[in-house]
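Undergrad: Residues per chain are reported as follows:
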Amino acid sequence: MISRIACLGGIYSNHLALEAALRDISQRGVDAIYCLGDLGGFGPYPDRIFPLLEKHQVQCIQGNYDHSIGHGLEDCQCGYTDPEDNYYAQVSYDYTLANTSRKNRDFLRDLPDQLQLSLGPFQLLLSHGSPRRVNEFLWESTTSSHFLEHLARQSEVDIITTTHTGIKWQRQLDGPRWFVNVGVLGRPENDGTTAVWYTLLEAHAAQDLQVQFIPVEYDHQQLAREMKEERLPDEFIETILTGWWTTCLEVLPSKERRQGRY
Amino acid sequence: MTVNLEHSGKPVLHLDHLDHLWFQVAGTVCNLTCHHCFISCSPKNHNFGFLSLATVQEYLEQSVSRGVKEYYFTGGEPFLNPEMVSILATTLHYGPATVLTNATVLKDSWLTTLANAEAESRYSLEFRVSIDGYSPETNDPIRGDGTFQRAIEGIQQLVQFGFLPIITATRTWPDSQDLEILEAFTKTLEAIGYKRPRIKLLPTLQIGAEEQRTHGYRETERITAEMLTDYDLDQFVCHHSRIVTDRGVHVCPILIEAPDSLLGQSLEEADQPFTLTHGACYTCYQYGAICTNPSSPSTPTRKIPDPGSP
Chain A
1 MISRIACLGG IYSNHLALEA ALRDISQRGV DAIYCLGDLG GFGPYPDRIF PLLEKHQVQC
61 IQGNYDHSIG HGLEDCQCGY TDPEDNYYAQ VSYDYTLANT SRKNRDFLRD LPDQLQLSLG
121 PFQLLLSHGS PRRVNEFLWE STTSSHFLEH LARQSEVDII TTTHTGIKWQ RQLDGPRWFV
181 NVGVLGRPEN DGTTAVWYTL LEAHAAQDLQ VQFIPVEYDH QQLAREMKEE RLPDEFIETI
241 LTGWWTTCLE VLPSKERRQG RY
Chain B
263 MTVNLEHSGK PVLHLDHLDH LWFQVAGTVC NLTCHHCFIS CSPKNHNFGF LSLATVQEYL
323 EQSVSRGVKE YYFTGGEPFL NPEMVSILAT TLHYGPATVL TNATVLKDSW LTTLANAEAE
383 SRYSLEFRVS IDGYSPETND PIRGDGTFQR AIEGIQQLVQ FGFLPIITAT RTWPDSQDLE
443 ILEAFTKTLE AIGYKRPRIK LLPTLQIGAE EQRTHGYRET ERITAEMLTD YDLDQFVCHH
503 SRIVTDRGVH VCPILIEAPD SLLGQSLEEA DQPFTLTHGA CYTCYQYGAI CTNPSSPSTP
563 TRKIPDPGSP
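From first to last, the protein sequence lines stand for chains A and B. Quick note on numbering: the first sequence equals residues 1 to 262 in my numbering. Quick note on numbering: the second sequence equals residues 263 to 572 in my numbering.
In case anyone wonders, no lab produced these hints; they're calculated from the structure. Just so you know, not all the hints are guaranteed correct.
[Stated by the list, open to error] The calculated DMTMM-like cross-link candidates involving lysine to aspartate or glutamate, where the alpha carbons are at most 25 Å apart (straight line), are:
1) 457/B / 191/A
2) 55/A / 110/A
3) 449/B / 82/A
4) 449/B / 110/A
5) 462/B / 82/A
6) 457/B / 234/A
7) 449/B / 234/A
8) 457/B / 47/A
9) 272/B / 531/B
10) 449/B / 238/A
11) 457/B / 85/A
12) 462/B / 110/A
13) 462/B / 407/B
14) 369/B / 452/B
Looking at chain A on its own, in the form it has when it is part of the complex (with noise of 0.2 Å):
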């Protein structure tokens, strides 16, 4: 019976937190590791995460990047509304779909778009943005927990796990039942430190879900030389080397936009 899983966000080609996770999760040791998408985007080199994700046998689903890069679609689904947000991501998104190889992008194509699992007693979703729809955005200061328990039951799961937004954050519904979006591989989120997350879930008895969000330190010098390299925009380069989002801060809401610098 699979009881401790390691449930990592969006990776967003960020090969060297990867690696740092995977050995960290090594260490910790788990049942299995699983991926809920985006693993395109923003950073360097995209095919270099492929390998990583074969050798530590990570299941993935896929995200809307991964939708749009596998079917070779004009940009990437992301949900963004303004202008300055969508030029970003268009450059960001060009890039990737250029760099990322045929083998590749056939294996983006071809994943699921959720998955559900037993962990210990619990029914447990593995979805992008929410179980209704990959792309959106369900943020903490924004969902409502009736709203929640509603996805959770019409889903007939006990925990929803997404990525999507960046932000990891937890809630315990009535049930109980359990929402968790595991954060993101790909960059920091927006707090001023360089340190990306994934996320411990772990289940032995009913009623009891450990959640533990775990920091990843990676060589963040090194990714940033190598977007340099890339000509990847100056600001995702600042975001890796200082912590604080640049870009994409239109779909912010405030109370998590106010944590941010910008």
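Starting from the known structure of chain A, arrange chain B on it as the hints suggest.
TA: Relative to chain A, chain B alone:
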């Protein structure tokens, strides 16, 4: 399947899920008389009345079992409602709240209470402030003499209390000028000390006062069944929203004056399909998700192309 056809061939849309519950909390009463207002609000328009805290709370309670995600408050000018501060503070116990205001009547004591209420809540309180130009010369002809300066002072007041208001401007210029006008707005707001302005552009709705200012919808500007082929229905506000007024529950915030918009007295009664016959439905179709905040967009996910097709 959430769309089907009437015998007349008009598309009928079902409520998918009640994500956003709106409240016409100040009715049609406003301290301003904007020339583009789609429900012709003014100091003398009492067509719709205020909602009391007790009424709002009754619907908030109903909303729990329906899994509502967010709450929105509009008018008129919501802060003319004497219970507005209590209504927002109460709502923050249920979920995130957004209030659409012209920011010309705000009091420091209210903002102190609301800043505290938001700090104690896990949810965001968003202010959406309507101004329709980046200068008195571009704003005041639409919203009234002196309104630009008063709104700017209101925005400064909100920023001083730690809020990050979303500035909403109705697009009374050609779409092609969006980028330069956004830039002008940003400069204006930064100059008054709002260092990270958030801006949302809205389309005009050719009804109410705007119909007099420019023109109404042409007969051809209507939704047909063909137009909905492969269309993401979530772009329609009525696919995921309803609004409470002092008359009951209506289909969407835009059409409250249309007789067919009143769907019932409870959220359960209002969970019924609506026929998309109005010109304003066409604007919703064209622009999509026009009423929601940028943090909750309903961005379409494209239909997956057939791998066998070129």
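Undergrad: With reference to the structure, classify each hint as holding or not holding.
TA: Hint check:
For the given pair, residue 457/B sits about 19 Å from residue 191/A by alpha-carbon distance, which is consistent with the 25 Å threshold. For the proposed pair residue 55/A and residue 110/A, the alpha carbon gap of about 19 Å is at most 25 Å, so the pair holds. At roughly 16 Å between alpha-carbon atoms, residue 449/B and residue 82/A fall within 25 Å of each other, so this suggested pair holds. Restraint check: the Cα-Cα separation between residue 449/B and residue 110/A comes to about 46 Å, which exceeds 25 Å; the hinted pair is violated.
Between residue 462/B and residue 82/A the CA atoms are separated by roughly 8 Å; this keeps the pair inside 25 Å, and the hint holds. A hinted pair counts as satisfied when its Cα atoms are at most 25 Å apart, and residue 457/B with residue 234/A qualifies at roughly 21 Å. With a C-alpha separation of about 23 Å, the suggested pairing of residue 449/B with residue 234/A holds against the 25 Å cut-off. For the given pair, residue 457/B sits about 39 Å from residue 47/A by alpha-carbon distance, which is inconsistent with the 25 Å threshold.
With a CA separation close to 22 Å, the supplied pair residue 272/B and residue 531/B stays within the 25 Å bound. Between the alpha carbons of residue 449/B and residue 238/A the distance comes to roughly 23 Å, so the proposed pair stays at or under 25 Å and holds. Between residue 457/B and residue 85/A the alpha-carbon distance is near 17 Å, which keeps this suggested pair within the 25 Å criterion. Distance hint between residue 462/B and residue 110/A is unfulfilled; the C-alpha atoms sit about 36 Å from each other, more than 25 Å.
About 23 Å separates the Cα atoms of residue 462/B and residue 407/B, which keeps this hinted pair within 25 Å; it holds. Of the supplied pair hints, the one linking residue 369/B and residue 452/B holds, its CA atoms being roughly 23 Å apart against a limit of 25 Å.
Checked against the numbered hints above, the structure breaks hints 4, 8, 12 and satisfies the rest.
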